[in-house]
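Protein chains: 2
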Amino acid sequence: MGASATTTPELYAMNGGDGRFSYAKNSFLQGHSVNASKEKIGEAIAEKLDLKILLSTSKTIRIVDVGCSVGPNTFLAIQNIIESIERKYQAQYLNINQKPEFQVFFNDLTSNDFNTLFSSLPPNRQYFAAGVPGSFHGRLFPEGSIHFFYSCIALHILSKAPEELLDKNSPSWNKGRIHYINAPDEVVNAYATQYAKGIEIFLDARAKEMVSGGMAVMSFPANPTGIPYSQTFTGAMFELLESSLLDMAKEGKISEAQVDSFNLPMYVPSLEEMMELVQKNGSFDIEKMELTSPGVHASMTNTSSMGKAIVMHVRAGMERMLIQHFGSEIIDELFNRYAKKFEEFPHHVLPSKKVQLFVVLIRK
Amino acid sequence: MGASATTTPELYAMNGGDGRFSYAKNSFLQGHSVNASKEKIGEAIAEKLDLKILLSTSKTIRIVDVGCSVGPNTFLAIQNIIESIERKYQAQYLNINQKPEFQVFFNDLTSNDFNTLFSSLPPNRQYFAAGVPGSFHGRLFPEGSIHFFYSCIALHILSKAPEELLDKNSPSWNKGRIHYINAPDEVVNAYATQYAKGIEIFLDARAKEMVSGGMAVMSFPANPTGIPYSQTFTGAMFELLESSLLDMAKEGKISEAQVDSFNLPMYVPSLEEMMELVQKNGSFDIEKMELTSPGVHASMTNTSSMGKAIVMHVRAGMERMLIQHFGSEIIDELFNRYAKKFEEFPHHVLPSKKVQLFVVLIRK
Chain C
1 MGASATTTPE LYAMNGGDGR FSYAKNSFLQ GHSVNASKEK IGEAIAEKLD
51 LKILLSTSKT IRIVDVGCSV GPNTFLAIQN IIESIERKYQ AQYLNINQKP
101 EFQVFFNDLT SNDFNTLFSS LPPNRQYFAA GVPGSFHGRL FPEGSIHFFY
151 SCIALHILSK APEELLDKNS PSWNKGRIHY INAPDEVVNA YATQYAKGIE
201 IFLDARAKEM VSGGMAVMSF PANPTGIPYS QTFTGAMFEL LESSLLDMAK
251 EGKISEAQVD SFNLPMYVPS LEEMMELVQK NGSFDIEKME LTSPGVHASM
301 TNTSSMGKAI VMHVRAGMER MLIQHFGSEI IDELFNRYAK KFEEFPHHVL
351 PSKKVQLFVV LIRK
Chain S
1 MGASATTTPE LYAMNGGDGR FSYAKNSFLQ GHSVNASKEK IGEAIAEKLD
51 LKILLSTSKT IRIVDVGCSV GPNTFLAIQN IIESIERKYQ AQYLNINQKP
101 EFQVFFNDLT SNDFNTLFSS LPPNRQYFAA GVPGSFHGRL FPEGSIHFFY
151 SCIALHILSK APEELLDKNS PSWNKGRIHY INAPDEVVNA YATQYAKGIE
201 IFLDARAKEM VSGGMAVMSF PANPTGIPYS QTFTGAMFEL LESSLLDMAK
251 EGKISEAQVD SFNLPMYVPS LEEMMELVQK NGSFDIEKME LTSPGVHASM
301 TNTSSMGKAI VMHVRAGMER MLIQHFGSEI IDELFNRYAK KFEEFPHHVL
351 PSKKVQLFVV LIRK
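Chains as they are written, first to last, in the UniProt record's numbering: chain C, 1 to 364; chain S, 1 to 364.
Careful: at least some of the hints might be erroneous.
[What the hints assert, rightly or not] In silico DSSO-like pairs for lysine-lysine, Cα to Cα no more than 27 Å straight-line:
1) C:Lys-208 x S:Lys-364
2) S:Lys-340 x S:Lys-308
3) S:Lys-160 x S:Lys-208
4) C:Lys-52 x S:Lys-59
5) S:Lys-364 x C:Lys-99
6) C:Lys-59 x S:Lys-364
7) C:Lys-40 x C:Lys-25
8) C:Lys-280 x C:Lys-208
9) S:Lys-52 x C:Lys-59
10) S:Lys-52 x C:Lys-208
11) S:Lys-208 x S:Lys-308
12) C:Lys-88 x S:Lys-88
13) C:Lys-59 x S:Lys-99
14) S:Lys-48 x S:Lys-38
15) S:Lys-208 x C:Lys-99
16) S:Lys-99 x C:Lys-364
17) C:Lys-40 x C:Lys-52
18) S:Lys-208 x S:Lys-48
[Stated by the list, open to error] If the Cβ cut is set under 10 Å, some of the chain S residues that face chain C in the computed set are:
19) Lys-48
20) Leu-55
21) Thr-110
22) Val-132
23) Phe-141
These are calculated hints, taken from the structure and not from any lab test. Quick caveat: nothing in here was measured; it's all calculated off a predicted structure. Ideal placement from N, C-alpha and C gives every residue a C-beta, glycine not left out.
Just chain C, same shape as in the assembly (with noise of 0.2 Å):
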């Protein structure tokens, strides 16, 4: 059995290893991800990177991945970053040929499987590779040290849900839910302000890691203003997990109490919420913030498959998670469940709703 019903579910990184619900091989809707952002992404590089200002105080292009997880989609994001920096300065420096190196740290949880990142690096790479174990809510980095940071499906993890949810006496008592769907304003407002706080940190965390002039490409969940959570992508794959639980729970499987006291450590913020986190910040120029309709992968429009996938990424993101709160011998069970409600769940009308914030900072 789990934690006790006081404690919040603690953080833990994506599965490991490479078996069958590692997120080496259930990482498919994050590689939808770096691809459709990866012309954008170009794009970016090519209309607002000044090498020059760069280049002008180091020989080394130091690039981050926050929240890389274990590959592959961190490599094919880097190899496209480190590209378009290539052409970037072919197009600004003619006729040089001293091209500057890369150094790329690969950063996520220290329980991050780091051994198989590793592992599978790609023996052919063109950059100087390295891990850093921690949370993106501190400071990762020396002063000045960083020239690009790159994060995809990350920025909606939260350190930690909110307190408050906790609280039987507190109107934020998020019983019988885990996340914010179809809750009181309290718990939405709980959830946003432990967001904000997040950002705060690491907007000021990075700030401090960049160069002047340098970049910052991030991509995640987003909700459009007007829309329900609940009527959202991830809402959407959140609700059926908590229908999940509560079903177990009626069943006597696991306690209410159990229920009541997990609740997921992820926010999705709007384009707005997010404008005023980095205007607030002050410290970086906005050079684009949109929301991006991503669609899935074409492999994905036979709608079962799709359902079965999105159970096996839900299951590699969070199994650790929830084994931790719950125990491992429910969890066959909560999936096989979860796979059910997906088969009976109009999931053809997830892909138009899956929406991504796409943002490119540049450091003052």
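With the hints as your guide, set chain S onto chain C.
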């Protein structure tokens, strides 16, 4: 069963995790070397490291432990280096408040257990930590980016055993041996040549990676000139392992061909050899190069516990390589035999024969 009789054993990192045979629990010999060199490193930094030069181009001091394994020794060594640099900083910059930031790169082979290393990083560390997978026989970092290289008991490792040792038609064929103890000159020379090539590559790489004025401090097993290798601490350790394997081959538990094709990828140089290699490279000033006798820890003066501890130490360091070549099923028996041989050996004479080379270089 392991690899065929015609391949050299693959190079593996130390045992990971924190189990009975893990490096983390069996690294006292290295730990003792860390302690023995603590003061020497402090002195080298105090006397020879010029922070004004280093900090004229960077606000960050970048430190590398080459061949760090999984801890805890590396954390103690790094702590000592940082404290020594901070003392030097105070001595060189009176009345200056802004101290430099430190970034520490923990390097070892990709097969090293970085997950264990990362999860045991000191929580209150005063530096930014990163892991760098890869062989020190090659480039690991961007040009001119490193201020301090440290390495303890790693530089005796070859990238591989010399290939000619496997050639039945060569005078270097290493039949009936796993190393060069009591071997013909051709075998010793093959090892020495392979070692020289590796150190040349190592020095070339570090010369490119280091900033001018940067310091490299290394200690590793050395062979005092005039003393046969078999009469040194390291030689004796490996001779007993060889003898255990030969006994098992005689009894048919492994094949003779398996022993013939297994050659330890290690070489213990003399001071003169290392001196010549550094001078040939030409990029470094030799501030110190001396033989030391670190002895063994006081807790090990009991010869029986010392024997046991050495057996565990060899197992933690070499088990993966031995399993890859001989198969896992013989490992327990091999180390039981090894332990017995140690009991019969006059190992109380060993501590006085433990000799290391302590080297301090400054990048020109």
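Do the hints match the structure? See the list:
1. C:Lys-208 x S:Lys-364: With Cα atoms ~32 Å apart, Lys-208 (chain C) and Lys-364 (chain S) exceed 27 Å; violated.
2. S:Lys-340 x S:Lys-308: 9 Å, holds
3. S:Lys-160 x S:Lys-208: 23 Å, holds
4. C:Lys-52 x S:Lys-59: It holds: about 21 Å lies between the C-alpha atoms, which stays within 27 Å.
5. S:Lys-364 x C:Lys-99: At roughly 24 Å apart (the allowed maximum being 27 Å), Lys-99 (chain C) and Lys-364 (chain S) satisfy the hint.
6. C:Lys-59 x S:Lys-364: 19 Å, holds
7. C:Lys-40 x C:Lys-25: 25 Å, holds
8. C:Lys-280 x C:Lys-208: 15 Å, holds
9. S:Lys-52 x C:Lys-59: It holds: about 21 Å lies between the C-alpha atoms, which stays within 27 Å.
10. S:Lys-52 x C:Lys-208: Answer holds: Lys-52 (chain S) to Lys-208 (chain C) is near 23 Å, not above 27 Å.
11. S:Lys-208 x S:Lys-308: 42 Å, violated
12. C:Lys-88 x S:Lys-88: Cα-Cα ~42 Å, so violated.
13. C:Lys-59 x S:Lys-99: 24 Å, holds
14. S:Lys-48 x S:Lys-38: 15 Å, holds
15. S:Lys-208 x C:Lys-99: Holds - the C-alpha atoms of Lys-99 (chain C) and Lys-208 (chain S) are around 16 Å apart, at most 27 Å.
16. S:Lys-99 x C:Lys-364: 24 Å, holds
17. C:Lys-40 x C:Lys-52: 21 Å, holds
18. S:Lys-208 x S:Lys-48: This hinted pair holds, its Cα atoms lying about 20 Å apart.
19. Lys-48: Because about 24 Å separates Lys-48 (chain S) from the closest Cβ in chain C, which is outside the 10 Å limit, the hint is violated.
20. Leu-55: For Leu-55 (chain S), the interface hint is violated, since the closest Cβ of chain C sits about 13 Å away, which is over 10 Å.
21. Thr-110: 5 Å, holds
22. Val-132: Holds, because the Cβ-Cβ distance from Val-132 (chain S) to chain C comes to roughly 5 Å (cut-off 10 Å).
23. Phe-141: Where the cut-off is 10 Å and the nearest Cβ of chain C is about 6 Å from Phe-141 (chain S), the hint holds.
Of the hints listed earlier, those the structure fails to meet are numbers 1, 11, 12, 19 and 20, in rising order.
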